[in-house]
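Trainee: Read off the chains here:
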Amino acid sequence: MATKNYPDPILNEKLRDRYYHRDQSNPEFTKEIEKIAGTMAHMCFQCGTCTAGCPSAPRSSYRIREFMRRAVLGLEDEALTDPDLWFCTTCYSCTDRCPRDLAPTDVIMAMRNLAARRDIVPVNFLKTVQAIYSSGHGVPNNDVNRAAREKLGMTRDPPTTSMYPEYIKGIQKILDHYGLKERADRIIKEREG
Amino acid sequence: MREYAFFLGCIAPNRYPGAESASIITSRRLGIELLPLNGASCCPAPGAFGSIDLNIWYAMAARNLVLAEQMERDIALICNGCYKSIYEVNHKLKHNDELRDGVNEVLKEIDMEFKGSIDVWHLAELLYDENIVGVEKIRESVKVPLTGTKIAVHYGCHLMKPKKERHMGSTEAPRWIEELVEALGAEAVEYRNKMQCCGAGGGVRGYDLPHSLDITNEKLQNMIEVGADAVTEVCPFCQLQFDRGQIEIEEKFGIKYDMPVFHYNELLGLAQGMSPSELGLDLHAISTEPFLKKVL
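These protein sequences, in sequence, are chains A and B.
The first sequence lines up with residues 0 to 192 when you count with numbering that gives the first Met the number 0.
The second sequence lines up with residues 0 to 295 when you count with numbering that gives the first Met the number 0.
Check before you lean on any hint, since a few could be wrong.
[Unchecked claim] Simulated crosslink set (BS3-like; lysine-lysine; CA at most 25 Å straight-line): (1) B:162 to B:93; (2) B:142 to B:251; (3) A:150 to A:188; (4) A:150 to B:142; (5) B:162 to B:193; (6) A:180 to B:149; (7) B:107 to A:172; (8) B:163 to B:193; (9) B:163 to A:30; (10) B:193 to A:34; (11) A:34 to B:91; (12) A:150 to A:168; (13) B:251 to A:126; (14) B:163 to B:91; (15) B:292 to B:162; (16) B:149 to B:292; (17) A:34 to B:93; (18) A:180 to A:126; (19) B:193 to B:142; (20) A:34 to B:162; (21) B:193 to B:114; (22) A:172 to A:188; (23) A:168 to B:107; (24) A:172 to B:91; (25) A:30 to B:142; (26) B:114 to A:172; (27) B:93 to A:172; (28) B:163 to A:168; (29) B:193 to B:91; (30) B:292 to A:150; (31) A:126 to A:168; (32) B:107 to B:91.
[Stated by the list, open to error] Beta-carbon label-pair distances, calculated as ranges: (33) A:6 to B:291: 46 to 52 Å; (34) A:152 to B:292: 21 to 27 Å; (35) B:115 to A:47: 26 to 32 Å.
[As the list claims (entries may be wrong)] Computed from the model, here is a short list of chain B residues facing chain A with C-beta under 7 Å: (36) 16; (37) 125; (38) 201.
Calculated directly from the structure, the hints in this document are not laboratory data.
Since the structure is predicted, the reported quantities are computational estimates derived from the model, not experimental observations.
Even for Gly, the Cβ is constructed at its ideal location relative to N, Cα and C.
Kindly produce the complete structure, drawing on both the sequences and the hints.
Mentor: Quick look at the structure:
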């Protein structure tokens, strides 16, 4: 049976191991998740309503219920190193349907934040940071669009940081406060050379 | 005239400028003046940015909010992704002192302070609110009714979900955007799994394009099944996913739909008598001609 694969053989071995080992559990992880997500993940009773309505579930091995269980059991490494973590479209269907009034989507966001602290973050997320750092926009203007805007009787650049680049400095200061651009550059360089 | 600071985001001004222009022109006819919010940036993208560090997301969104506070105007916007960032961060910072103090600590470095003095609205909710515009007034503004067309409404996610952090009621089977569509003379059709995501959000479009397109493909199939002539949405990112996504679906899966995709304000512009070229419909990846032939 084809399953998920990791480049790391130890992780592959772990994937086959369905048992719960206390030494793999970090109770602090559960607390951290609950703090960032602002939801009581430990109240989850594993009904599976979340996975049932998840648009990513039918087309991948991503199971939001499994991530909820990992949050409760403190299975930090398992949660943060699973590439499925990044299949959540953040549609919030699970959150709106959860009979325990929890926010599984925000649990995923919290896990992604914690994964990112370990530099586990897909490159496309970091490229958005780079684009915003240099232009203020995640999807910046281009010459084709400038011509189209002109044809519509609009200004070639919208009245955003595109028209007022002097505002970009403030954005860069915020990002530099957290050292995010530097981190994004470094991680992208490590991955792509 | 009610005045709002128009928060543009990225995809409308930089990929579908017709949606931006149509919003300004159609709103003015309905008593809403959308003023430029000078120096605004990306909201920033809640999926891509929030996934990395929510605190940075708060600070970046707060900078945009402060620009509107300085204008002393509420924000109106036309993108669900922007709505999540701008609306939600505004709400959180207003109600969480610890969070607000943390953000203000960072904003101090650029001589800004979040005060919490404005509100944030999606233009669609302003259009629906009868104290502001309302369905009747929209109906009265129609010059070219879209009679005889079937339109599938795609709500997108972050406009109404999560419902406990919004104010628009149940997210299982809403009908209010359908009412806005029917005010234009079109028939708004129901289809399977209407509230499903377009597939683009959460960074998934960039992370795994075929996965993301497969979700879009399912939605398109459900719309085709009920004979929809077009899809309408209130989010340029959904628009991009449905419009350019169809080209990618054809390349990757070999399936061709040719389903025209309109931002609601483009449809409204059409019904108010704006020409396709005034609306920049030629910039869409999927030709809107088959739909236009039915109504013009």
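Trainee: If a hint holds in the structure, say so; if it does not, say that too.
Mentor: Here is how each hint holds up against the structure:
1. Distance hint between residue 162 of chain B and residue 93 of chain B is fulfilled; the C-alpha atoms sit about 18 Å from each other, no more than 25 Å.
2. With a C-alpha separation of about 40 Å, the suggested pairing of residue 142 of chain B with residue 251 of chain B is violated against the 25 Å cut-off.
3. Restraint check for residue 150 of chain A and residue 188 of chain A: not satisfied, since their Cα atoms lie roughly 40 Å apart, outside the 25 Å limit.
4. Among the hinted pairs, residue 150 of chain A with residue 142 of chain B is consistent with the structure: their alpha-carbon atoms are about 24 Å apart, no more than 25 Å.
5. With a C-alpha separation of about 16 Å, the suggested pair residue 162 of chain B and residue 193 of chain B falls inside the 25 Å cut-off, and the hint holds.
6. With a CA separation close to 46 Å, the supplied pair residue 180 of chain A and residue 149 of chain B exceeds the 25 Å bound.
7. Of the supplied pair hints, the one linking residue 107 of chain B and residue 172 of chain A holds, its CA atoms being roughly 11 Å apart against a limit of 25 Å.
8. Under the criterion of a C-alpha separation no larger than 25 Å, the hint pairing residue 163 of chain B with residue 193 of chain B is consistent with the structure, at around 20 Å.
9. Pair hint residue 163 of chain B plus residue 30 of chain A holds up; C-alpha atoms about 23 Å apart against a cutoff of 25 Å.
10. A C-alpha spacing of about 33 Å is found between residue 193 of chain B and residue 34 of chain A, which places the hinted pair above 25 Å, so the restraint is violated.
11. Restraint check for residue 34 of chain A and residue 91 of chain B: satisfied, since their Cα atoms lie roughly 15 Å apart, inside the 25 Å limit.
12. The suggested pairing of residue 150 of chain A with residue 168 of chain A is violated, with an alpha-carbon distance near 30 Å, which exceeds 25 Å.
13. Distance check on the hinted pair: residue 251 of chain B and residue 126 of chain A sit about 24 Å apart at the alpha-carbon level, within 25 Å; holds.
14. Under the criterion of a C-alpha separation no larger than 25 Å, the hint pairing residue 163 of chain B with residue 91 of chain B is consistent with the structure, at around 13 Å.
15. Note on residue 292 of chain B and residue 162 of chain B: the hinted pairing is violated, with a Cα-Cα distance of about 38 Å set against a maximum of 25 Å.
16. Under the criterion of a C-alpha separation no larger than 25 Å, the hint pairing residue 149 of chain B with residue 292 of chain B is consistent with the structure, at around 13 Å.
17. A C-alpha spacing of about 19 Å is found between residue 34 of chain A and residue 93 of chain B, which places the hinted pair at or below 25 Å, so the restraint holds.
18. Straight-line distance between C-alpha atoms of residue 180 of chain A and residue 126 of chain A comes to about 10 Å, which keeps the hinted pair within the 25 Å bound.
19. Distance check on the hinted pair: residue 193 of chain B and residue 142 of chain B sit about 29 Å apart at the alpha-carbon level, beyond 25 Å; violated.
20. About 21 Å separates the Cα atoms of residue 34 of chain A and residue 162 of chain B, which keeps this hinted pair within 25 Å; it holds.
21. For the hint pairing residue 193 of chain B with residue 114 of chain B, the CA-to-CA distance comes to about 38 Å; that exceeds 25 Å, so the pair is violated.
22. As the CA atoms of residue 172 of chain A and residue 188 of chain A are separated by approximately 22 Å, the hinted pair is consistent with the 25 Å bound.
23. The straight-line distance between the Cα atoms of residue 168 of chain A and residue 107 of chain B is roughly 14 Å, inside the 25 Å bound, and the hint therefore holds.
24. Distance check on the hinted pair: residue 172 of chain A and residue 91 of chain B sit about 22 Å apart at the alpha-carbon level, within 25 Å; holds.
25. Proposed proximity of residue 30 of chain A and residue 142 of chain B is contradicted: the alpha carbons are some 58 Å apart, above 25 Å.
26. As the CA atoms of residue 114 of chain B and residue 172 of chain A are separated by approximately 20 Å, the hinted pair is consistent with the 25 Å bound.
27. With a C-alpha separation of about 23 Å, the suggested pairing of residue 93 of chain B with residue 172 of chain A holds against the 25 Å cut-off.
28. Only pairs whose Cα atoms come within 25 Å are accepted, and residue 163 of chain B paired with residue 168 of chain A is rejected, the gap being roughly 36 Å.
29. With a C-alpha separation of about 29 Å, the suggested pairing of residue 193 of chain B with residue 91 of chain B is violated against the 25 Å cut-off.
30. For the hint pairing residue 292 of chain B with residue 150 of chain A, the CA-to-CA distance comes to about 23 Å; that is within 25 Å, so the pair holds.
31. Between residue 126 of chain A and residue 168 of chain A, the direct Cα distance comes to roughly 18 Å. Compliance with the 25 Å bound is thereby established for this hinted pair.
32. Restraint check for residue 107 of chain B and residue 91 of chain B: satisfied, since their Cα atoms lie roughly 19 Å apart, inside the 25 Å limit.
33. Checking the proposed 46 to 52 Å range against residue 6 of chain A and residue 291 of chain B shows it holds: the Cβ atoms sit about 51 Å from each other.
34. Restraint check, residue 152 of chain A to residue 292 of chain B: a C-beta distance of roughly 26 Å satisfies the suggested window 21 to 27 Å.
35. The beta-carbon spacing between residue 115 of chain B and residue 47 of chain A, approximately 39 Å, falls outside the hinted interval of 26 to 32 Å.
36. At its closest, the beta carbon of residue 16 of chain B sits 5 Å from a beta carbon of chain A; the interface hint therefore holds under the 7 Å criterion.
37. The interface hint given for residue 125 of chain B is broken, as the beta carbon of that residue sits about 20 Å from the closest beta carbon of chain A, more than 7 Å.
38. A distance limit of 7 Å between C-beta atoms decides the matter here; for residue 201 of chain B the minimum to chain A is near 4 Å, and the interface restraint holds.
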